[in-house]
Structure formats: structure tokens, C-alpha cells
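K.L.:
Start from chain A and add chains B, C and D according to the hints.
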Amino acid sequence: MAVYLFADTQVLVQGITGKQGSFHTRQMVSYGTKIVAGVSPGKGGQNFEGIPVYHTVAAAVTEQRIDASILFIPAPFAKDAAFEAIDAGIKILVLLPEHIPIHDAMAIMAFAKSRGTTVVGPNTFGIVSSGKCKIGIMPNRFFLPGNIGVVSRSGTLCYEIVGNLTASGYGTSTVVGLGGDRVVGLNFTDVLKELEKDRQTEAVVLVGEIGGSAEEEAAEFIKANVTKPVIAYLAGKSAPPGKRMGHAGAIIERGKGTFEGKVKAFEAAGVSVAQLPFQVPAFLDKALKK
Amino acid sequence: MAVYLFADTQVLVQGITGKQGSFHTRQMVSYGTKIVAGVSPGKGGQNFEGIPVYHTVAAAVTEQRIDASILFIPAPFAKDAAFEAIDAGIKILVLLPEHIPIHDAMAIMAFAKSRGTTVVGPNTFGIVSSGKCKIGIMPNRFFLPGNIGVVSRSGTLCYEIVGNLTASGYGTSTVVGLGGDRVVGLNFTDVLKELEKDRQTEAVVLVGEIGGSAEEEAAEFIKANVTKPVIAYLAGKSAPPGKRMGHAGAIIERGKGTFEGKVKAFEAAGVSVAQLPFQVPAFLDKALKK
Amino acid sequence: MKLYEYMGKELLARYGIPVPEGGVAATPEEAAELTGKIGSVVIKAQILSGKRGKAGGIIFTDNHAEAGRFSADLLGSELNGYKVEAVLVEKKLQIERELYLAITVDSAARNPLILASAKGGIDIEDVPEEELVKMALDVTVGMQPFVTREVTRRLAVSDVVAAQIADILSKLYRLFVEMDAELAEINPLVISGETVIAADAKITIDDDALFRQSALPLVEERTAAEKKAHELGLSYVELDGDIAVMANGAGITMATLDLIQYYGGAAANFLDAGGGAGVEQTARALELLLSKNPRAILINIFGGITRCDDVAQAFVDVKKNSGIPVPVVIRLVGTNEEKGREILLAEGINAYKLMHEAAQRAVEIVKGN
Amino acid sequence: MKLYEYMGKELLARYGIPVPEGGVAATPEEAAELTGKIGSVVIKAQILSGKRGKAGGIIFTDNHAEAGRFSADLLGSELNGYKVEAVLVEKKLQIERELYLAITVDSAARNPLILASAKGGIDIEDVPEEELVKMALDVTVGMQPFVTREVTRRLAVSDVVAAQIADILSKLYRLFVEMDAELAEINPLVISGETVIAADAKITIDDDALFRQSALPLVEERTAAEKKAHELGLSYVELDGDIAVMANGAGITMATLDLIQYYGGAAANFLDAGGGAGVEQTARALELLLSKNPRAILINIFGGITRCDDVAQAFVDVKKNSGIPVPVVIRLVGTNEEKGREILLAEGINAYKLMHEAAQRAVEIVKGN
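Protein chains in written order, with the working numbering: chain A, 6 to 295; chain B, 6 to 295; chain C, 334 to 702; chain D, 334 to 702.
Just so you know, these hints were derived from the structure itself, not from any lab.
Quick caveat: nothing in here was measured; it's all calculated off a predicted structure.
Virtual Cβ for every residue (Gly too), placed ideally from N, Cα, C.
Hints are not guaranteed to be accurate.
Below, in silico cross-link-like pairs of lysine to any residue (SDA-like), each with a Cα-Cα straight-line distance of 25 Å or less [to be verified]:
no.	chain 1	residue 1	chain 2	residue 2
1	B	24	C	642
2	B	261	C	504
3	D	387	D	525
4	A	248	D	597
5	A	248	D	642
6	A	294	A	248
7	D	700	A	231
8	A	118	D	467
9	B	261	C	469
10	A	118	D	617
11	C	652	C	535
12	C	504	D	544
13	A	118	B	258
14	D	467	A	245
15	C	387	B	258
16	A	248	D	668
17	C	504	D	474
Okay, the calculated bits of chain B under chain C, using three or more residues with CB under 8 Å as the criterion [what the hints assert, rightly or not]:
no.	segment
18	60 to 71
19	96 to 106
20	113 to 119
21	213 to 225
Bound-form chain A, shown alone (with noise of 0.2 Å):
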């Protein structure tokens, strides 16, 4: 079953004529995604390699239905294409960009909320319901189709992690990337929550890291409402205070989102924490039994 990607989702790609765009719609394509729109403002009427291309959503919107959008574009102008997206309608959006000013996320995750549409990222690789559908950047080889859920702050180290379950013989159901930023849409409790529901998924392996309180709260959530087996890895411990780590939310703060206070919200809500990326097969294994 997965969650938020189906077989059928219908992806529409604004910026598909730019270098990047280009080249992960190919990708998408050849995962098996159907592209059935792009949006390059000027170029509306042309195609690209097949798929049709609009001066505008509104426009795209009319003639195609279409279930989420992804972004290829320069994080100046990714509030604009985001509210275009919101406002004609749809229900799903990949922020790829990072760099989004943070006053601009602020308002693309105000106006998502009024119009009930759930945004991933921004700065996400994207997210994946493996074998079905994939909207983003991921190599398209390590996700193939299993019965793990994944959900994760960082994008590389996700690919990682899911190249050791790969290795393992663990296949993915859907993968999230949240996004690196200090604000970004989809969060871990989102996921968790839709993840628990989805029959497909026997366990979840979350990948979090220092700062911010996002694996806090999604420990509180496995507490009270999570009943399969969740493996969390976190990136960061031998971050010193201070420094920004990367990603602008990868930052221990006045004392806050230390490795040391994550682990210990997880141990209390029963997940298990991997102190190395490659030990998350074994402690899956364990926790499912096998």
C-alpha cells in the first residue's frame, strides 16, 4: 500500500526545462514515476521528451489531474512556484531547493496549512514509495520495494542507511526525507503517524540528528501511539556546541537538541538507537525476530 506515493500518482515537475529539472525527471521517469506535466513559465505549449510543458499550474491543473509537484527551482523565487502549486490545488509538494529563506517557509507552510496540502522539505532529497513512485533526487537503484518505512533529516546519510538495508535484504515501503532546514513541513510525528497505519510497513528506521526538538517530539509520539518497531539512528554526536553542522537546523543551541537528550527521549519510549549506521539490519533483525 506505502503512503503519500501510489502506482498512480500523478507527479507534475515545475522547472523541468532548467539542468536539474531536466535530469531528475529523467530519473523519475525511469524509476517508473508518471511525469505528466512540467511547468516553465514561457515555454508553455512545448514538451519535454513526451511530457507536456506549461506556461503555468493553473494552467497544467486544467488539462491533467495531478496529485503532487515537485520543484527545480532557484530558492528565490521557490515561494512564488510553492504558492502557485498550493493555490492551484495541489495536494502534495516537494521542496527540493534548499537556502529557502526561512520568512518564505514560514509563509509556504501558513498558506499549506489553510489549503490542506502537505509539503516535504524544504532542502529533502524527496520521498519514495519504492518501486511505486518517487518524487525527488535518491539514486534510484537502492530503493526497491520492501516492508520497512524510512524517515529522515538528511539525505546522503538516508541513502546510506537504505543501502545497508538493501545489502541486508530489507526492502523500503516509503521513504521521507523531512528535509535539512530549521522549518520544513512534513515532520517525523507525520510520518510516524501515517507509517503506523500503513499495513505494508513491519518497522520503521528513523534517521534523525542533533538540534531542534523533532526527534523529542517524535519519541513522545512512539510512547503513545507507535506499536511497531522503530530503529532510530542520529548524526551528530560528536558535533561540538555552537556550530552549525550543515544543515541549518543541525545546531546545538543554548543547551537544546543535544545527542545526548535525543537518545535518551527514544530509550524512553522504547527505540532502540544505533550507534552505527551499519548495525541498523541487526537491530532490525532483532526486533522483528528474524
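P.N.:
For chains B, C and D alone, coordinates are given in the frame of chain A:
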């Protein structure tokens, strides 16, 4: 059962210490409405005839459960007071004031929608579930419990018709004043949807007037969704085009919103339209086969 | 409150929207002088009505003497029922194409609406629905670039024109919001060479927001009696019949008018005395009705907040002080009804209980029955 | 980007928020002159750090000679690890009460948050939770009167103070939004007589929004190497260890650092080369690492968009052009892995497949095993 308001609905009065606010608070209390709090900036900590008064709505909701609020606030300050109630999480807001600027009304409706608040009015006499809870300024004695739902754009005309119902032995379930402004919250369709579901309501009386398209939309909705008998009365048959008849919305502009158009729409939806206000009870007798 | 074209254009210009070079003239001399200065001009009568061209309210000229003569004829005269008090003298535009652009309030949707059409210069009502561009605006996000992109796409204009229309739309929306407009319409929006210019402006300000738009000049569209009623806090509209009507509440007043018509009569006015009018206000309202010399007066009171005794007392006061020379039919029910009836009975008036009976009686009186 | 106090106060003043009379001085002479002009002053070292008082960075004086001497000592010296390049000379306030007021971003709630406290002048972290006033702001409605009414109610200030704080909050929110601030903090907000004044200002601008805040002076907090990395589009943080690290992706770079620590080593830096870095950018990143003279280099590439052969080629290029004088451990998997491995093998390097094995080897090398 009734709709929107119930016997245990807890009500806040914003502007409780003003002339209008204090007069109608007494009226509502004597009708049986559970007025649990008042707000009057600068008078927090005082009480109005035993009802605690707060400086802000936020202060009131931390101490009391508030289900609905009514505003006795001058039009220029109504937007801020409405925002305050919505932001504090109040789910039903009765906007008494007339002459609220239309841009303020649009802002209130947008904010209310994003927070899931039901707005009645502005420029309404309020809403009452007869015998249970009255939030508004309508005269208490006409609103006796019964099985007729009433929804009206105007005030005194609604009392007139409810008075006729009462005189003919028909009590009312819930009576809703939509308000006479161009931009209002609840509309006929919203209320019809609820009354159709309400077990207490056996038939609906709809009191409309010229101008706008609310009656035409109601007719469309009735045609498709309402199984209970609906009797309509429409004011403004004799009004010449281009003249605004008191209510901001009651004007025939550019050939739209005419009496004839509305009657036609209702008749196509199987709604009986009474020519004279006093005919309504007889129409009900016929519809309910009494 | 409707604004004259020249006021609307002053607002457009203040918000940075291009308008033709020109000025307003209240005398033929000023019109001639402006024409001399500008050269080839269009002169337009400033009245709160469309269709000025057909009525002879617009000429094109490049002769200042002709401009003066034309303005002298127009100024002070009546056009489409309105007195012309000023003319607008503007540089004549090279018109390549005319568009329509407006922002208004969509009452049913409860939000602002952009209306646009690639066909301008005609009444927007005459534009076929499928050629009309409509786009709803969410007030929480306002006029964003994606909105103007979609509007200009649907107008199918060139890139250079699209950029200018996008700019005009942003400014027009700011005007619409900041000036509390109910309607901000540019018709036609003219494409002249590579430039887009507002050739006419129709702006209506929300009456309820005038308290915070005090910098605007007041444009008075009402009759003297309507103006007086407004000052008294009454809602009053003059009509053509001979039965003066007073009631409390807009809906019930309309219904009263309908009943008069139903029984074959004609109302002289719409007068909603509001809920909760006291003795004094009711008396002023009665005096207003009398000032229009009706053949009968019908008072229809359903007392909620309004007290029946107050209305009866006001009637007695006016009768004593100034006399009431025409027959009066009163219907009284509601708050303090008995007290009100007593007061009237002492004056020999038996108040009706039912509004349709009172209306029928008023019509009979006027018909001489 | 953090702003110096004097810059923050210039912004506050621009938005109409009261700040003490004063000016910034880059020389002792300027400081003395300002003191002569103002009279009784406070002089504060301008550094991007709190706790300046304890470190000797603040004095009160009314003597211009003393002001000059104090500033001469401070200017150019180091305070709390920061070089002092300017002092702020301001009129000394009569302080009756100190409050705290700030607007910041609540990441979890995804909206702005007002933070206020009736206790100011101390670190907000030291204010007990129950004395902290927190109020979420909805960006679609902004700072409305009802919000400031609730904040001042909870601060329990007098009406005259409440009105001023309400005004300051409105202006501070406008600054917060228009200047793309992540934090706009006034601490303390001083009540002096009947007047409310911002006695200190801490404003942080969102780095990602600097492109549209080009009027702001750039405040550089980074080391030379970090600055260079930023120009190369790399995310780079200097650390205290001796194993230089490069990886692609913030999370995996952090995890690599964690592994080094796990095996008993210490990383010299955090360097995220990003996804999709090509040969050239990777080479520049390597050169940056070498410039800090590490004892070993660990490269951890999980190729998604990044191509393993690009990374290998960059390594070979740098080695050929400038030489790599320290041991290098490389882990390569993913896109074009085989090609990358071949390139490295030709240089005698056997790339690892597993990241923890690579990290362990790097630590062993540094430890001399």
C-alpha cells in the same frame, strides 16, 4: 438536538460592559444561555452581574471552556476582536456589528476558514436553538422549541415570520440569521446542510431577499441534497433595480439578484415560495400534511 | 461611494499606474488652457455614469477654442440625469488594442476577484463568459507573481505587455486594499505602442470604510432627503409612489413595500428606522416622510429592541408639534405593545396587529375607498 | 548573520523604536568627542558576544578623557575571543525597570514567536519558564492589536507602558519580517520614567535571505578558511582534531565525524562537498583541507548525484599538481564506483566499501598503527 448551539454551549460576550453588550447579555441569560465570560479590555478581573470579565479572549479561554462568542464591538474594531476570538480557538463566532468594512469581513472569513471557525454574520441578529441557547439580539419570547428550522438574511422580517409560526403553533429548532452584508460567513447552503441532518427539524423556512446569488445557490443545493420540505419567503419583489434596500447585499445590480430569478430557481428545486409573510404557516401545514 | 473618473485616475497615478497626461477643468477657460498645453486631447464630462460618448459627453479636439466651447456647453448641463460639474482634459491616445482589467469583491466566495478580458472598452457584462478571465485572490497571500502570470497567460498578450499588466495588477491590488475599494476597474486599459495605459477608471470605495479614508473627497450621490436620513442614521431610499413607509429592519421594510404593491398601491420610499430607534429618532424619521408630501403614511413596527410605546409617543409628539396632514395607518406588535396601543387610542387611532391588513388599508385610503 | 549592537540599534531607530542618544566610534578620539557631546554615557565594546560587562567591555563615565582612555584600551584588543573594532557611546539611562522582548522563529511550530519577560537584562534562558511570556504569531495575520494586548497583559505593565510596548512590538515585527530576521531581541527593554527604550539589541539576519538584504553591511564571523569554503559553495566548519574529513551530504559528514570519534580519533573539520560536486569543486575542497595541515585525510563518498569517478579524478589532479603530503583514506560507493576505483588503483589506493572501515583506518593511521 438542534444544530450549532446546544443547551450546554458556553458563551463569551466580547464587549460585555458596553451599553448594547450589557443589555443583551441580560436578555441572553434570561433566555437560558450559558454566558460564562465577558471580555472588556481594561476591565479584566471585574465581573458583570456575576459573570467574570477578562482583559483579553486569551485570558478568558485559559480559565473557561468557551464554545462560542458574540461581538458587541463597534465596527472599526470588530476585525481585531474577531481575530482575537478566532486565534484563541473559539469555534463559533457571532458577528453582530453592522457597517464592518468589506475588506475586514473578507479578512475575518479567510482567517476563520484557516482555523475552522464558523462565523455567523456580520450584520446578523444572531442564532438560536430555541429553548436551549440564544446568541444574539432577537426577542426571547418568539423563539419557542419546535421542529421548524429557519434561516434568514434579515432580522425583523425573520421575527415577523417566526411570530407567525408561533401563532400557528409551530415552534422552531434552530433559527439562524445570516446577516445583511455582502460578505457573510454562514450561508443558506451551510445551514441547510446542518438542518437536513438534524433529527429535530422537520421542515425549513428560508427567508431571503433580492440581491446576490445566495438564494440561487441554496436552490441548487436543495435540489440535490435536501429531502425535508423547504418553504421560502423572499423580500424585495417591488424594489427597483440599482437601489440598495438597506442591506448592503439587497440590491439588483446589472440585472442580477432579481426576485423573479430567485423564485424561478426555488420553484425548479421544488421549494414553495410564499407571496405574503403570513402565508408561511399554511404552506407548512400543506407540506407537513397537517 | 463612487469616484469620478478624474479622482480614480489621480488614485491610479498615486499608485504608479500609467494614466494619460491631462487635468481636470471646472471652467471652459481651464479646459481651453489645458487643451492648448497638451495639444490633441479628449475631453470627457465627469459624471457618475457610463455611456457618456453616446450622450454627447466626450469629444476629441486639438483646438483650444473648440475645447472651451464644448466645455461651456457641458459644464452645468445635465447628462444621463447627472449635472456636469467638471470635465477631464487628457492627451488623446494612439490606441492599438483595448483590454479590460478590474479587481472586485466576490461576495459568494468571500474574497477579491480579478476580472480581465482581452476585449476592453465595452461593458464587461457584454463580454462572453468564455472570454472573461476570472481569478480568485486569497487575501492572506495577496497578489503574487504566479497570479499575474496566469492572468496575462489567459489574456494572451506579448511578454512586454504581460510584464506591464503584471505590474499594474500589483499596484491596483494595493490600491484596492489600502483604499478600501469595492471595485477598482480600468476600462479600457489601452495598449499604445509598447506602453500600457489606463484610459478610464471606475473606482468605488466601501461606504463602511470611509471613516479610515478621510483623505478622500466626499462624492455625494444622494438626494437632499437621503442625505438628511443618512445623518439621522436611517436607511432611506426615495421611490416614485405616494404611500410613505416606515418600518424597523431592512427586510421587513422591503416586505412592507412588497405588500403595498401586492394590494395595488405604490410606496413613496424605503425607510428603515433600524432596530432600537427611540422617540426622538422616530420623530425625525416621521418628519422626513412628511417633507415629501405623501398621500398616506404606513408605519409597520415589529418591536424587538424597538419599543412600541416609543414609536406611538413619537407619532403623538410630531402630530402635536407640526401636525400630520395625511392619514396614517399603524401596525404595532412586540415590546410594550399594549402601552403603545393605549397612547394611539387616545389619539383615536386603532393600531393593526397584522402587517398585511395595515398595508391593504393604506392602499385603500390612497385609492379613496 | 549576527549584527553588532550598534547596527541593530540603527535598524530599531529606522523602524521608529526608541533607542538611547548616541553613536558608534572606531577611534578613541571619536569616543571622547561623543562623550563630550552627550555627557553622562555608557561605552560598550562592539563584539558578537554577550557578557561584555564581566569581561570589562562596558564602562559608565561623564569624562571625555576617561572615555578616550577606555576606548583606546579596548579598540583593537580581544574580548571574549573577538577583536573589538568599534565602541558604542550612548547616553546613560535612568533605569526603573528592565524587561525582555524578542521575536524569533519557532521551528517546530513553523511560525514566528514573541518572547517577553517582565524580568530583563539577564539571559532569557535564565528566566523561569512560568515567567516567560510566549505567544505564537500567525504569519497570515501578523502582529494585530489583540496580540500586543495579550502580551502586555501578561507582562502586567501599566497602561502607559503597555501602549508603548504594543507600538514597539508592531514595529519590531515589521523589522523582523522586512529585514528577514531570525531573531530580533531587545534585552533589556528599559522603562525610564514614562518612556520605554531599547537599551540593547541583538538581531540575526537569515543568511539565506541576504540576497534580498543587500543594503545591510556584511558582518563576517567566519575564519578565513570558512570564508573561502563558503565562496566555493561548500559547507565547512573548523574543528580541533587532526583528521581532515570530506563527505557529500551534511548528515553523512556528521556521521563520518561521529565514526572518527567512535574509533578514538578527532576530526579537523566538517566539510560537506554537497551532492553533485564535480571534479573542479572537489579539487578545491581537497586543497582547502590540505591548507590546514591535517595528519590524515578521510574522504567518504556515497555517490548519488556525486560521481565516484569525478571524486577520484579530483584526487589525482590535486596530487599531481600540488602533491598530497599526508595519508589519504577513501571510501567510494555509488554512481560510477568501478570507474572511480580504477582511477584510484592506478595511484595505488584501494578504496574502501564501508564507511566505518575507512574511518577506523584513518584513526589507526593518525595513531601510528
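K.L.:
With reference to the structure, classify each hint as holding or not holding.
P.N.:
Here's how the hints hold up against the structure:
| no. | hint | verdict |
| --- | --- | --- |
| 1 | B/24 <-> C/642 | 21 Å, holds |
| 2 | B/261 <-> C/504 | 30 Å, violated |
| 3 | D/387 <-> D/525 | 24 Å, holds |
| 4 | A/248 <-> D/597 | 21 Å, holds |
| 5 | A/248 <-> D/642 | 31 Å, violated |
| 6 | A/294 <-> A/248 | 40 Å, violated |
| 7 | D/700 <-> A/231 | 44 Å, violated |
| 8 | A/118 <-> D/467 | 22 Å, holds |
| 9 | B/261 <-> C/469 | 20 Å, holds |
| 10 | A/118 <-> D/617 | 42 Å, violated |
| 11 | C/652 <-> C/535 | 46 Å, violated |
| 12 | C/504 <-> D/544 | 24 Å, holds |
| 13 | A/118 <-> B/258 | 36 Å, violated |
| 14 | D/467 <-> A/245 | 29 Å, violated |
| 15 | C/387 <-> B/258 | 22 Å, holds |
| 16 | A/248 <-> D/668 | 31 Å, violated |
| 17 | C/504 <-> D/474 | 21 Å, holds |
| 18 | 60 to 71 | violated (count 0) |
| 19 | 96 to 106 | holds (count 3) |
| 20 | 113 to 119 | holds (count 4) |
| 21 | 213 to 225 | holds (count 6) |
Violated hints, listed in ascending order, are 2, 5, 6, 7, 10, 11, 13, 14, 16 and 18; each of the other numbered hints is respected by the structure.
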